[in-house]
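Colleague: Each chain is listed here by its residues.
4 protein chains.
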Amino acid sequence: MIIIMSPSATEEDINTVQEEIAAIGFRPFMNPGVERKVIAVLGELDVRKADLIDQFKAMNGVARVELISDLWKLASRSYHPSGSVVRVGDVEVGADEVVVVAGPCSVESEGQMIRLAHQIKAAGGRMLRGGAFKPRTSPYSFQGLGEEGLRILAKAREETGLPVVTEVMDTHEVDLVCEYADMLQIGTRNMQNYALLKKVGSTGHPVFLKRGLGSRIRDLLMSAEYIISEGNTNVILCERGITTFEDSTRNTTDINAIPVLKHWTHLPVMLDPSHATGHWEYVDSIAGAAVAAGADGVMIEVHNDPARALSDGPQSLTPEKFAVLTQKLKAIARAVDRNINISAQ
Amino acid sequence: MIIIMSPSATEEDINTVQEEIAAIGFRPFMNPGVERKVIAVLGELDVRKADLIDQFKAMNGVARVELISDLWKLASRSYHPSGSVVRVGDVEVGADEVVVVAGPCSVESEGQMIRLAHQIKAAGGRMLRGGAFKPRTSPYSFQGLGEEGLRILAKAREETGLPVVTEVMDTHEVDLVCEYADMLQIGTRNMQNYALLKKVGSTGHPVFLKRGLGSRIRDLLMSAEYIISEGNTNVILCERGITTFEDSTRNTTDINAIPVLKHWTHLPVMLDPSHATGHWEYVDSIAGAAVAAGADGVMIEVHNDPARALSDGPQSLTPEKFAVLTQKLKAIARAVDRNINISAQ
Amino acid sequence: MIIIMSPSATEEDINTVQEEIAAIGFRPFMNPGVERKVIAVLGELDVRKADLIDQFKAMNGVARVELISDLWKLASRSYHPSGSVVRVGDVEVGADEVVVVAGPCSVESEGQMIRLAHQIKAAGGRMLRGGAFKPRTSPYSFQGLGEEGLRILAKAREETGLPVVTEVMDTHEVDLVCEYADMLQIGTRNMQNYALLKKVGSTGHPVFLKRGLGSRIRDLLMSAEYIISEGNTNVILCERGITTFEDSTRNTTDINAIPVLKHWTHLPVMLDPSHATGHWEYVDSIAGAAVAAGADGVMIEVHNDPARALSDGPQSLTPEKFAVLTQKLKAIARAVDRNINISAQ
Amino acid sequence: MIIIMSPSATEEDINTVQEEIAAIGFRPFMNPGVERKVIAVLGELDVRKADLIDQFKAMNGVARVELISDLWKLASRSYHPSGSVVRVGDVEVGADEVVVVAGPCSVESEGQMIRLAHQIKAAGGRMLRGGAFKPRTSPYSFQGLGEEGLRILAKAREETGLPVVTEVMDTHEVDLVCEYADMLQIGTRNMQNYALLKKVGSTGHPVFLKRGLGSRIRDLLMSAEYIISEGNTNVILCERGITTFEDSTRNTTDINAIPVLKHWTHLPVMLDPSHATGHWEYVDSIAGAAVAAGADGVMIEVHNDPARALSDGPQSLTPEKFAVLTQKLKAIARAVDRNINISAQ
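Protein chains in written order, with numbering that gives the first Met the number 0: chain A, 0 to 344; chain B, 0 to 344; chain C, 0 to 344; chain D, 0 to 344.
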């Protein structure tokens with residue numbers, strides 16, 4: 000940690016800061032220099048002491064405090080230099096294969112889900128998604144089928160062998176969702192719902208953590224740290240668009256997040272082009288971009304009849320368009336030395 | 000609702016849209032016009048049917064769907080033209096008085112809290128804030144005293160008569176927090192934690208709803224709608240800074256939100272300049288701006304020793320600076336025909 | 000155009016709006032409906048009358064005004080359904096080939112530029128970039144070699160046959176730059192420098208128009224419209240990152256802009272991953288993403304000794320890394336049915 | 000300057016960085032420490048050497064480079080601790096008085112301008128604004144009266160004694176505008192048009208520099224530095240809203256910018272609530288907020304018939320509403336120990 004004093008800091012301010020450093024068990028080191036006064040804080044600055052930044056920032060005469068190391072630890076690539084592979088059912092995320100997860104925004108009926116599941120599998124999808132508990136901006140919108148939706152998802156897995164991922168919105172639903180699902184999704188609105196993060200961290204279940212709409216990449220890593228620090232290392236990160244001034248798309252895909260995350264963390268990274276664009280016409284381009292950029296997978300919304308979907312129809316592909324997309328993704332994956340296996344149909 | 004077809008829409012696309020409108024019980028009306036084809040949807044379009052937007056957006060040939068009326072109803076000023084007054088203990092928010100809420104970020108000890116409570120009251124504070132359950136970006140940061148913190152807050156209320164507001168982070172804590180606090184705070188990270196919104200909506204307790212960092216004003220109103228639609232109309236909205244590209248302050252205060260919210264909703268509106276700036280040096284200016292802009296109150300972080308605060312020290316005022324601030328706010332309140340009562344000391 | 004009245008609009012407000020519509024030569028049409036009053040404006044609403052939006056917005060009782068058609072015309076894909084091909088020297092942008100433009104941020108010396116130009120050509124670069132007039136945030140930073148830089152660029156073209164693109168920053172430099180360069184670049188800071196846009200529009204020279212850091216996609220198209228409406232249709236658009244709250248990269252690549260622009264306009268679209276990320280480590284991923292997303296080309300900063308570059312070293316690739324990148328881009332281009340020709344070395 | 004090496008930096012990387020520091024005339028100083036390696040760069044690091052940041056960032060093994068001091072110098076408050084007063088005609092900006100500048104977006108006719116000028120003066124306006132050269136997003140929108148507009152502005156000054164400010168959009172217009180106007184406005188779209196900044200810097204004329212929509216506060220200060228470094232210290236800064244995800248207003252007023260700028264620079268600071276909100280209904284609140292926050296003035300759009308204004312009608316106040324506003328601003332100014340003089344009517 001480095002403390003940069005303001006030009007107007009007094010000798011007394013500087014002494015007080017140095018005494019405080021010593022008082023908490025570190026060694027102050029006054030940087031020589033003709034610019035502003037800079038004090039280095041020497042000693043093992045554990046992430047558990049991150050609150051010290053605030054403490055020094057609040058002292059008289061302090062202009063800025065710079066942390067030299069990252070605030071996350073267990074999620075960091077320096078802690079675990081090779082990439083992690085998270086196993087969901089029999090699917091490995093973070094290995095050579097680029098994993099395609101697909102399904103409807105909401106589970107609507109058993110018939111629909113089973114039919115879609117077969118189509119998705121045939122087209123190269125390796126995992127099923129579908130919402131049973133739905134976070135909706137309006138209280139008057141369809142809120143999901145609840146446990147019945149979970150039951151249907153489990154049925155779809157039985158029929159196809161594809162593992163399922165579904166969102167959990169509240170601590171009291173976690174145990175229930177664990178009974179049915181292979182992976183728990185933390186949605187964008189709950190990325191910093193710390194009670195929920197701790198709870199899913201206490202299970203052994205794989206977690207699919209979506210980035211918050213207004214969250215920085217480092218905040219996403221801190222949220223992952225919450226889960227891992229409870230003992231659950233099975234975390235997959237997902238970029239799904241951030242909120243910016245651009246209004247031609249539902250969100251702005253932060254494609255930079257793919258290489259940044261691969262650089263900073265060992266956790267697998269996926270991208271959800273359906274939410275990141277909000278228009279099915281653009282899903283194709285952005286899914287391809289994700290694979291080219293190095294994502295370990297993509298999550299795609301697929302619906303048999305988008306115009307009658309109970310949620311997110313405008314961003315859903317039909318099964319036919321999805322099948323065309325996976326062929327394209329397969330070609331791009333090959334171009335970047337990854338692969339997508341599409342079983343002969 | 001108005002459906003705007005794309006220039007390339009076929010006759011068949013247009014017919015299908017019109018049939019769909021009729022099928023769901025509305026009346027299609029084809030707007031004459033030489034530009035693009037535009038179809039009006041006639042009939043009582045209840046907010047409960049907001050999902051129709053998505054349905055039509057997903058149809059072939061549809062370019063855009065515009066909703067003519069708002070998506071919120073109970074929170075709307077057209078529903079309740081005069082401003083609401085929310086009563087917290089014996090304090091009225093939304094009436095003539097500009098209400099000053101103050102206290103430390105986290106409750107740290109009984110002695111600290113009681114002493115601060117007296118200082119805050121003497122300086123004109125009308126309500127106490129203090130975190131017992133703390134949402135922290137890092138799992139390694141101080142997470143609050145929990146129930147012990149709630150007990151201390153209740154003690155501070157006993158001693159001073161000031162009502163207390165404190166954050167609740169998870170559905171399973173709501174009943175507990177209700178036992179101790181006069182108002183429940185929903186923090187910025189949980190603004191769209193719908194399970195939590197419904198739960199606090201089911202209590203009769205006043206709710207202090209903070210805007211999410213990446214949330215639009217209309218999303219804030221939809222979150223308020225979640226609470227009100229459960230039967231709880233005691234909702235106060237709080238602007239606390241949004242996330243933008245500007246990095247000289249912790250967040251960007253969206254001061255425009257004050258008049259926009261006063262225009263759109265009957266609910267009282269407050270501003271938290273401490274989080275909205277992140278620097279105590281700027282709190283003074285921005286608190287004044289809030290009052291001048293028409294806010295019904297401000298929430299200010301005050302700490303006896305900011306440099307040793309367990310959280311958010313850099314943005315906390317000392318009690319002395321807070322007392323100077325309330326005098327200034329009183330003068331500004333008077334200039335805009337509101338008032339702040341500061342009892343003689 | 001559609002005018003949506005506010006719920007509180009009076010009969011008189013509505014009549015006044017209708018009279019005004021008639022007064023300016025259009026036909027008002029009152030939409031039946033049980034929600035708010037909606038008035039359609041019938042008649043040929045030319046883009047030249049876009050100012051009418053403001054006029055109606057400012058009238059009493061008007062809540063919103065929605066334009067049904069786009070505000071740009073000559074740049075629109077509905078005006079020119081097939082994609083345009085812009086020819087720069089002997090290179091076609093917007094055709095089958097994905098065009099790789101490369102070069103140093105600033106031209107620094109003749110020796111450097113010529114050597115780089117040969118390396119770039121050998122690696123598959125089809126056009127040279129290099130700044131002679133440099134827009135720098137600080138007045139104390141290197142501002143470019145000026146005309147000497149232009150002369151060097153022209154020399155590099157002579158030696159390699161590659162056309163050159165370079166930035167022009169002010170109207171009085173346009174004629175000079177036209178003498179030397181094959182394409183004029185309008186930089187991000189000048190995207191809405193309308194005097195400059197008109198001036199380059201009055202030349203026949205191809206224009207490489209970079210999106211402003213804080214500009215929406217539709218603003219980029221309006222700026223293109225300025226150039227085209229002066230008679231110059233040779234415009235290439237370039238996404239180069241926008242300004243958002245994410246601070247791990249210099250800017251946020253708006254990869255969605257690629258399919259959105261291809262949808263809305265017939266003009267060729269390129270992406271500059273060097274500025275869009277600000278880190279050479281990420282250029283590789285994002286260049287690949289651009290090609291996969293459907294970009295017609297990429298612009299890459301290449302420098303023989305990034306650590307000694309006079310500007311933008313951190314985001315520049317060495318010629319060796321650039322040669323590896325073009326091979327990868329070639330594979331991705333093939334996967335999306337485009338091509339990149341790299342002559343045998 | 001401090002150079003923070005990445006955890007994977009080799010001994011050789013570290014040595015190379017140290018040698019480079021020495022080679023350019025500074026003294027490297029290796030910070031002791033158990034975290035990452037940190038190298039301080041000792042010596043007079045003039046702002047003129049800001050490019051060194053990039054140089055070191057591009058070296059192998061370097062993770063981050065932190066500049067200890069600011070990148071601006073002449074604009075800095077540490078360079079000139081007391082606030083500057085800029086004199087425009089006989090009006091002092093930056094002194095005790097809060098200066099109200101008002102006028103139409105565009106000058107439309109002599110009659111209109113003269114009439115408005117008298118009304119503005121009577122209501123307490125101290126300076127006139129009005130556009131002769133108008134930067135418009137669409138090439139088909141009204142572009143201003145040009146020199147005729149300048150002539151009218153000069154006439155309005157003659158009649159009322161109020162100094163005038165008007166925008167200059169291109170270097171070749173600067174001399175012309177100087178002949179007529181008391182202050183040159185650099186609009187938001189030209190904040191980083193460096194050729195133009197240098198040109199206005201070379202005149203002695205006061206400059207009204209508006210912040211770019213997507214520009215950070217520090218970029219605004221760098222643009223001011225361009226002007227001052229050419230010898231012109233008469234610069235007034237203006238916050239006018241930035242571009243964010245919030246779409247209920249035209250822009251987001253960054254009210255924090257007021258105290259931040261007052262902290263960082265000695266230059267006077269104003270706010271334009273008309274552009275910052277885009278709705279006349281909100282201008283009143285935000286103008287008041289600006290004064291309460293410590294702004295040295297406000298710029299307000301006033302039009303006699305907003306619904307027929309040739310530009311920006313929806314955000315313009317009528318002269319009657321403007322007169323009410325100045326009375327309110329006067330009361331707020333008094334509450335913060337400033338003043339606004341409104342001559343008896």
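Heads up, some of the hints might be wrong.
[Stated by the list, open to error] Sample of chain B residues at the chain A side, in silico, Cβ under 10 Å: (1) Gly24; (2) Phe25; (3) Trp71; (4) Ser75; (5) Arg76; (6) His79; (7) Pro80; (8) Ser140; (9) Gln142; (10) Glu146; (11) Asp174; (12) Arg188; (13) Ala194; (14) Ser201; (15) Lys320.
[To be verified] List time: in silico SDA-like cross-link candidates among lysine to any residue, alpha-carbon distance up to 20 Å: (16) B/Lys197 <-> A/Glu146; (17) A/Lys72 <-> D/Arg63; (18) A/Lys197 <-> B/Glu280; (19) A/Lys197 <-> B/Lys72; (20) B/Lys197 <-> A/Asp95; (21) C/Lys327 <-> A/Glu146; (22) B/Lys320 <-> A/Gly60; (23) B/Lys72 <-> C/Trp263; (24) A/Lys72 <-> B/Thr136; (25) D/Lys327 <-> B/Lys72; (26) B/Lys72 <-> A/Asp95; (27) C/Lys320 <-> D/Ser77; (28) B/Lys327 <-> D/Arg63; (29) C/Lys56 <-> D/Asp246; (30) A/Lys320 <-> B/Lys56; (31) D/Lys320 <-> B/Asp95; (32) A/Lys56 <-> B/Ile52; (33) D/Lys72 <-> C/Tyr139; (34) D/Lys327 <-> B/Ser137; (35) B/Lys320 <-> D/Arg63; (36) C/Lys72 <-> C/Ala62; (37) B/Lys56 <-> C/Tyr139.
The hints are simulated quantities; they were obtained by calculation from the structure and are not laboratory data. Every residue gets a Cβ at the ideal spot worked out from N, C-alpha and C, and that includes glycine.
Colleague: Evaluate each hint against the coordinates.
Modeller: Against the structure, the hints:
no.: 1; hint: Gly24; result: 15 Å, violated
no.: 2; hint: Phe25; result: 15 Å, violated
no.: 3; hint: Trp71; result: 8 Å, holds
no.: 4; hint: Ser75; result: 13 Å, violated
no.: 5; hint: Arg76; result: 18 Å, violated
no.: 6; hint: His79; result: 17 Å, violated
no.: 7; hint: Pro80; result: 22 Å, violated
no.: 8; hint: Ser140; result: 5 Å, holds
no.: 9; hint: Gln142; result: 8 Å, holds
no.: 10; hint: Glu146; result: 15 Å, violated
no.: 11; hint: Asp174; result: 13 Å, violated
no.: 12; hint: Arg188; result: 4 Å, holds
no.: 13; hint: Ala194; result: 4 Å, holds
no.: 14; hint: Ser201; result: 12 Å, violated
no.: 15; hint: Lys320; result: 13 Å, violated
no.: 16; hint: B/Lys197 <-> A/Glu146; result: 18 Å, holds
no.: 17; hint: A/Lys72 <-> D/Arg63; result: 19 Å, holds
no.: 18; hint: A/Lys197 <-> B/Glu280; result: 35 Å, violated
no.: 19; hint: A/Lys197 <-> B/Lys72; result: 35 Å, violated
no.: 20; hint: B/Lys197 <-> A/Asp95; result: 43 Å, violated
no.: 21; hint: C/Lys327 <-> A/Glu146; result: 47 Å, violated
no.: 22; hint: B/Lys320 <-> A/Gly60; result: 17 Å, holds
no.: 23; hint: B/Lys72 <-> C/Trp263; result: 35 Å, violated
no.: 24; hint: A/Lys72 <-> B/Thr136; result: 13 Å, holds
no.: 25; hint: D/Lys327 <-> B/Lys72; result: 33 Å, violated
no.: 26; hint: B/Lys72 <-> A/Asp95; result: 50 Å, violated
no.: 27; hint: C/Lys320 <-> D/Ser77; result: 44 Å, violated
no.: 28; hint: B/Lys327 <-> D/Arg63; result: 42 Å, violated
no.: 29; hint: C/Lys56 <-> D/Asp246; result: 16 Å, holds
no.: 30; hint: A/Lys320 <-> B/Lys56; result: 18 Å, holds
no.: 31; hint: D/Lys320 <-> B/Asp95; result: 23 Å, violated
no.: 32; hint: A/Lys56 <-> B/Ile52; result: 48 Å, violated
no.: 33; hint: D/Lys72 <-> C/Tyr139; result: 10 Å, holds
no.: 34; hint: D/Lys327 <-> B/Ser137; result: 45 Å, violated
no.: 35; hint: B/Lys320 <-> D/Arg63; result: 37 Å, violated
no.: 36; hint: C/Lys72 <-> C/Ala62; result: 27 Å, violated
no.: 37; hint: B/Lys56 <-> C/Tyr139; result: 52 Å, violated
Consistency with the previously given hints fails for numbers 1, 2, 4, 5, 6, 7, 10, 11, 14, 15, 18, 19, 20, 21, 23, 25, 26, 27, 28, 31, 32, 34, 35, 36 and 37, ordered from lowest to highest.
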